[in-house]
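Please arrange chain P on chain X, whose structure you already have, making use of the hints.
The listed protein sequences correspond, in order, to chains X and P.
Per the numbering used here, residue 1 is the first one in the first sequence, and the count goes up by one each step.
Per the numbering used here, residue 1 is the first one in the second sequence, and the count goes up by one each step.
Everything labelled a hint here was simulated from the structure, so no lab data went into it.
Every residue, glycine too, gets a C-beta built ideally from N, C-alpha and C.
Watch out, some of these pointers could steer you wrong.
Chain X residues, not near chain P, derived (Cβ > 12 Å throughout) [claimed, not checked]:
(1) His74
(2) Ile76
(3) Tyr137
(4) Val146
(5) Ala169
(6) Pro234
(7) Leu255
(8) Leu300
(9) Phe321
With beta-carbon atoms standing in for the labels, derived distance ranges [claimed, not checked]:
(10) X:Trp338 <-> P:Ala137: 31 to 37 Å
(11) X:Leu305 <-> P:Gly145: 42 to 48 Å
(12) X:Leu255 <-> P:Ala137: 47 to 53 Å
(13) X:Trp320 <-> P:Met136: 56 to 62 Å
(14) P:Ser28 <-> X:Leu255: 24 to 30 Å
(15) P:Met136 <-> X:Arg335: 45 to 51 Å
(16) X:Glu292 <-> P:Ile69: 51 to 57 Å
(17) X:Trp9 <-> P:Ala101: 34 to 40 Å
(18) X:Lys159 <-> P:Leu93: 37 to 43 Å
(19) X:Phe321 <-> P:Leu138: 55 to 61 Å
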Amino acid sequence: MMSVGQPAWEVVTVADRAEYWLESHWYFAVAYMILAVLAVAAMVVALGMGLIYGERKIAAHFQCRMGPMRVGYHGILQSIADTIKLLLKEDIVPERADKVLHLVGPFLTLVVTILILGVLPYSPLLQLADVSLGVLYLTALSGLSVLGLLLGGWSSNNKWSLLGGMRAAAQVISYEITATLALLVVTMFAGTLTLSGIVQSQAQGWWVWRAHGVGLLSMGLFMIAATAEINRTPFDIPEGESELTGGFHTEYSGLRFAFFFLAEFINMFVVAGITVTLFLGGWMPLRIGNWETFNNLMGLIPPSLWFLGKVVVMVFVLMWFRWTFPRMRVDQLMRLEWKFLLPIGFINLFAAAVIILCKWYFFPV
Amino acid sequence: MIERAMITILFYGFAAAAILLALAVTTSRNLLRAAVCLMGVLLIQAAFYLLLSADFLAGVQVLVYVGGIVVVIAFVVTLTRSSQLLMDHPSPLRMSLAFAASAGFAVVSIASLWVSALHQPGMSHSKVDSTKAIGMALLDTGKTGYVLPFEVVSVLLLAAVIGGIVIARKTPPPSQPFTTGGDKPGEADVTLPKSQRISKDGRDSR
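Okay, chain X solo, but in the shape it has when bound (with noise of 0.2 Å):
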């Protein structure tokens, strides 16, 4: 099946050239960690901002508006702006909140989702880690990213943050069975954990087609489990502003309040980046079966740009959501969860298990 020109893919992470310099030149390893970590500090900035903007920018096309006009060509430093205004604001902290465990919430709300961002494979030559527990990683840490807003919640000493925190708590506990249901049908078709493997398993089509329709559905539970993960609109109960002012940070702001709305808007890059790696093909170039150039044309796009392209569109739909569907109460949340996804979702898992068994799935291996 492999088209003669096609390069195999050799996936070299940051962390490996590190670990290659470790023994003659150590400091060549030390210079690579701090890149990294400073590559990834360059990120949270870029994206945040960079989010920020697009979210705005879309909302108000999709209400017939402009969005942010006046600070540089079309409001494109917008962004800085706001957050030169976020750095400068005072730092008020309730008097009679739990002092550390109100700095605690939103400091480990960021610092989960700085750890995934750490573990993408954005291209095979830009991967800071390819850590060997991949899905696991993943699965492990959105269960540690409800501690800080259920933390926070709690130390505000706040009836509507204890209200945001709780219903937060509830929402990402319950959504996380269906995401894990989802992730592990895509873990099965491609037999590894590891991210870059789930990659490279995808040489000869993406899994959301290849599986015959289990992958279609099990992205679709996916984008659904993940939007309630990250509290994104139709699923944004625990901060909804109609209800609790503003759930969980209602006593936050400063610099503070930017660590939560910084982690709310990487988070959706990172969704769109975990759907992007296991269902679309990471970055995988589109092949089409055998059509040679097509599949060479194709290939001369770099991998990087693939991934950077399919994450737009994916973080997209994510803000279509937002302007698509109106906000759930707390029981219909639990009922679609407990009552629809999760069924379908086993049910899922079950048909990919015969269909991996029967080997139904398009081009073989």
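Same frame as chain X, now just chain P:
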């Protein structure tokens, strides 16, 4: 060489942090802070597993203990009012029992560490896919396989899940003792005063 040195430094750093956090868990007066410290201890435990190149175990540790159990503990603590649980003066009997139990545990654990010659395995930093090996061993029906314990544990977990559902289920209305209401909401506990009731045809009964 450098790798070994790094692992040693990391181990002692993690060990010190784990001990301090474990002390904080027991001495903290605030239950939720204790839960956060417990999270730290469990995360460091996962780091120890990583140092021993048991990657899969580390992942499961974070998934089950941190993402599951600590979150549930925090969830429950926020639901209760006992977040500032203060028992300032426990009874002397209780205190002496607690001291006896902890001293006994300390003696037993130190003694067992003392007498057992710890087999220290060489730091095998091989890139063996331990996940695959664990999966194979769990479903192996041969002599070295663990398929029977695996299935027994699965049945046990299933029973626990069903038990949870049964406990959480709404109690049937008292007039029909042997039927379950299923998912239907139980009958309202509060009966409205007569003046506020609405008769079946929709008109006010007044």
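Status of the hints after comparison with the structure:
no., hint, in the structure
1, His74, "holds (42 Å)"
2, Ile76, "holds (39 Å)"
3, Tyr137, "violated (6 Å)"
4, Val146, "violated (6 Å)"
5, Ala169, "violated (5 Å)"
6, Pro234, "holds (23 Å)"
7, Leu255, "holds (20 Å)"
8, Leu300, "holds (33 Å)"
9, Phe321, "holds (25 Å)"
10, X:Trp338 <-> P:Ala137: 31 to 37 Å, "holds (33 Å)"
11, X:Leu305 <-> P:Gly145: 42 to 48 Å, "holds (47 Å)"
12, X:Leu255 <-> P:Ala137: 47 to 53 Å, "holds (48 Å)"
13, X:Trp320 <-> P:Met136: 56 to 62 Å, "violated (43 Å)"
14, P:Ser28 <-> X:Leu255: 24 to 30 Å, "holds (26 Å)"
15, P:Met136 <-> X:Arg335: 45 to 51 Å, "violated (39 Å)"
16, X:Glu292 <-> P:Ile69: 51 to 57 Å, "holds (54 Å)"
17, X:Trp9 <-> P:Ala101: 34 to 40 Å, "violated (58 Å)"
18, X:Lys159 <-> P:Leu93: 37 to 43 Å, "holds (40 Å)"
19, X:Phe321 <-> P:Leu138: 55 to 61 Å, "violated (38 Å)"
Violated hints, in rising order: 3, 4, 5, 13, 15, 17, 19; the structure is consistent with all others.
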